[in-house]
Amino acid sequence: IVMLCLAGSMLVFSQDAPKASPLLESYLRNFAKASLSTKIQIVQDSAQVDLKGMGPLYLKAVEFILDNQDLIKTDPVAQQLSILAVGLTGQSGYAEGKYKLWDLFRINDDTSVRVAVMNTLGQIVIDDKEMIEKLTAWLSGQNSLFFTGNRPDRQVIGEGVTAMGKIGAVEFFPVLFTAMALGYSNEITEKAKNALLSVKGNLKDNLIQVISKNVVQEKVLALRMALESDKLTDEDKGLAAETAIAVALGTSSRNDNETSLLRTLRADAARALAARSWSKASDYAVRHFNESTLEYDKGFIDKNYFLEAIAFLGAVKTNEAAERLNLYLGLLNSYVENGQKVDEQVILTVIKNLGILGDAAASDNLLYVGYIDYSNNVKKAAREAFNNLKFR
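Numbering-wise (the working numbering), the sequence shown opens with residue 37 and increments by one.
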């Protein structure tokens, strides 16, 4: 009985298993016994007869090249067969050939073959975790090589970036972003940017990941990409900017260039949040102002940067922001009272934003401006700001 059951199951399995068509089998037999130049003719002819059904033949051609690797380096006809088989694998949509194609990519230094492989992988790889990992690791390695001063094949990188955009796996986003930021060439930068926009998942979330985890230069670029994108809502842009200023305030570096980039990131984020009156960032506005005050006093930032930090406090429209700005006005008043000079543009910006905030907590310091040695312009601005205060 057991033997009968096994025989029955084997019969069912043999009935369910896909069978190669007689036409395909004929092409496979002829390919196996043909010379190298004839193999090319057979593969070419097969595409005219039944392109979609000839995937196994194209895979067999790739396997032949892999089994005869020395031919690749010495015989241009072998390279021709490689490119032909790879291209037809993509055109036929034969996804079963992807791993052999990757093996061919790894062992072959010829640019034309490697470009053809990347082009085909872009057509046949769909939701394949292993291939996604291989491609991610490859581009990450190329990025590292370029960053350390080596010269990887830009033509292959360009095609690889395009292929990854077609595949669209969300895992590609960080390495594609790095490829865009590195400056391989204008062409690769544009291809990487287009690929990023094709990647699956939420663009805002992907960019926030870059802002949170990538190197400082890429954080700056990711924020700018978010703010300039027509695919993100204003809310999304505000969330990206809030993440950026939090990261910038929480990151320190001993590298002067990185420190400067972190200040740029803070300034860009503060400007974006101020434009949106992002009250949820009130705490960050205060911390950014505190940092900017120290940097301005030490000459690390210019006056415009500092004025924007003051305006950010006015834009968030919270009691916390008003109290901090009022404390600073009190400090400036004490400077003037003690005979020190205060930059008029700075004091006017402080007064203006206290007027915008309208918090009565600033009343004493605004009134006091009129009693000390400020210019008439400053005193007039203080009166106007005082009149805007909301007393309950």
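Source of the hints: derived by calculation from the structure; they are not laboratory data. Note that the coordinates shown come from a computational prediction; the quantities given were computed from them, not determined experimentally. The C-beta atom is built at its ideal place from N, Cα and C for all residues, glycine as well. Mixed in with the good hints, there may be bad ones.
[As the list claims (entries may be wrong)] Derived CB-CB ranges, DEER-like:
no. : residue 1 : residue 2 : range
1   : 286       : 105       : 33 to 43 Å
2   : 313       : 264       : 14 to 24 Å
3   : 382       : 165       : 51 to 61 Å
4   : 61        : 111       : 58 to 68 Å
[What the hints assert, rightly or not] Straight-line alpha carbon distances no greater than 35 Å define the calculated DSBU-like cross-link-like pairs of lysine-lysine that follow:
no. : residue 1 : residue 2
5   : 339       : 236
6   : 267       : 236
7   : 249       : 88
8   : 88        : 170
9   : 236       : 202
10  : 240       : 109
11  : 316       : 388
12  : 334       : 267
13  : 96        : 249
14  : 229       : 249
15  : 415       : 388
16  : 267       : 353
17  : 109       : 69
18  : 316       : 249
19  : 339       : 426
20  : 334       : 415
21  : 334       : 353
22  : 426       : 377
23  : 165       : 96
24  : 165       : 202
25  : 240       : 229
26  : 316       : 353
27  : 109       : 249
28  : 377       : 415
29  : 416       : 426
30  : 377       : 353
31  : 240       : 267
32  : 229       : 316
33  : 109       : 170
34  : 229       : 165
35  : 316       : 339
36  : 426       : 353
37  : 316       : 426
38  : 249       : 377
39  : 170       : 229
40  : 334       : 229
Hints, one by one, checked against the model:
Taking 33 to 43 Å as the suggested C-beta distance range, the pair residue 286 and residue 105 does not conform, at roughly 51 Å. For the pair residue 313 and residue 264, the supplied restraint of 14 to 24 Å holds, since their beta-carbon distance comes to about 20 Å. In this structure, residue 382 and residue 165 meet the distance hint of 51 to 61 Å, their C-beta atoms being roughly 56 Å apart. In this structure the supplied range 58 to 68 Å is violated for residue 61 paired with residue 111, their Cβ-Cβ distance being about 28 Å.
A hinted pair counts as satisfied when its Cα atoms are at most 35 Å apart, and residue 339 with residue 236 does not qualify at roughly 42 Å. Only pairs whose Cα atoms come within 35 Å are accepted, and residue 267 paired with residue 236 is accepted, the gap being roughly 13 Å. Note on residue 249 and residue 88: the hinted pairing is violated, with a Cα-Cα distance of about 43 Å set against a maximum of 35 Å. Note on residue 88 and residue 170: the hinted pairing holds, with a Cα-Cα distance of about 27 Å set against a maximum of 35 Å.
Distance check on the hinted pair: residue 236 and residue 202 sit about 10 Å apart at the alpha-carbon level, within 35 Å; holds. The hinted pair formed by residue 240 and residue 109 fails the criterion: a straight-line CA distance of about 46 Å is larger than 35 Å. Of the supplied pair hints, the one linking residue 316 and residue 388 holds, its CA atoms being roughly 22 Å apart against a limit of 35 Å. Among the hinted pairs, residue 334 with residue 267 is inconsistent with the structure: their alpha-carbon atoms are about 40 Å apart, more than 35 Å.
Restraint check for residue 96 and residue 249: not satisfied, since their Cα atoms lie roughly 43 Å apart, outside the 35 Å limit. Between residue 229 and residue 249, the direct Cα distance comes to roughly 19 Å. Compliance with the 35 Å bound is thereby established for this hinted pair. Proposed proximity of residue 415 and residue 388 is supported: the alpha carbons are some 12 Å apart, at most 35 Å. Distance hint between residue 267 and residue 353 is fulfilled; the C-alpha atoms sit about 28 Å from each other, no more than 35 Å.
Using a Cα cut-off of 35 Å, the hinted pair residue 109 and residue 69 holds, with the two alpha carbons roughly 22 Å apart. This hinted pair checks out: residue 316 and residue 249 have alpha carbons roughly 22 Å apart, not beyond 35 Å. For the proposed pair residue 339 and residue 426, the alpha carbon gap of about 30 Å is at most 35 Å, so the pair holds. Taken as a hint, the residue 334 and residue 415 pair is honoured in the structure, with Cα atoms around 28 Å apart against an allowance of 35 Å.
Among the hinted pairs, residue 334 with residue 353 is consistent with the structure: their alpha-carbon atoms are about 28 Å apart, no more than 35 Å. At roughly 30 Å between alpha-carbon atoms, residue 426 and residue 377 fall within 35 Å of each other, so this suggested pair holds. Only pairs whose Cα atoms come within 35 Å are accepted, and residue 165 paired with residue 96 is accepted, the gap being roughly 24 Å. Restraint check for residue 165 and residue 202: the C-alpha separation of about 15 Å stays at or below 35 Å, so the hint holds.
Restraint check for residue 240 and residue 229: the C-alpha separation of about 15 Å stays at or below 35 Å, so the hint holds. Of the supplied pair hints, the one linking residue 316 and residue 353 holds, its CA atoms being roughly 10 Å apart against a limit of 35 Å. Simply put, residue 109 and residue 249 have alpha-carbon atoms about 42 Å apart, too far for the 35 Å limit, and the pair is violated. Simply put, residue 377 and residue 415 have alpha-carbon atoms about 15 Å apart, close enough for the 35 Å limit, and the pair holds.
For the hint pairing residue 416 with residue 426, the CA-to-CA distance comes to about 18 Å; that is within 35 Å, so the pair holds. Of the supplied pair hints, the one linking residue 377 and residue 353 holds, its CA atoms being roughly 29 Å apart against a limit of 35 Å. Note on residue 240 and residue 267: the hinted pairing holds, with a Cα-Cα distance of about 9 Å set against a maximum of 35 Å. Pair hint residue 229 plus residue 316 holds up; C-alpha atoms about 31 Å apart against a cutoff of 35 Å.
With a CA separation close to 24 Å, the supplied pair residue 109 and residue 170 stays within the 35 Å bound. The straight-line distance between the Cα atoms of residue 229 and residue 165 is roughly 23 Å, inside the 35 Å bound, and the hint therefore holds. Distance restraint check for residue 316 and residue 339: the Cα-Cα separation of roughly 26 Å lies within the 35 Å cut-off, and the hinted pair is therefore satisfied. For the given pair, residue 426 sits about 13 Å from residue 353 by alpha-carbon distance, which is consistent with the 35 Å threshold.
At most 35 Å may separate the alpha-carbon atoms for a hinted pair to count; residue 316 and residue 426 meet this at roughly 22 Å. For a cut-off of 35 Å, the pair hint linking residue 249 to residue 377 is broken: about 43 Å separates their Cα positions. At roughly 21 Å between alpha-carbon atoms, residue 170 and residue 229 fall within 35 Å of each other, so this suggested pair holds. Of the pairs offered as hints, the one joining residue 334 and residue 229 is violated, with about 38 Å between alpha carbons and a cut-off of 35 Å exceeded.
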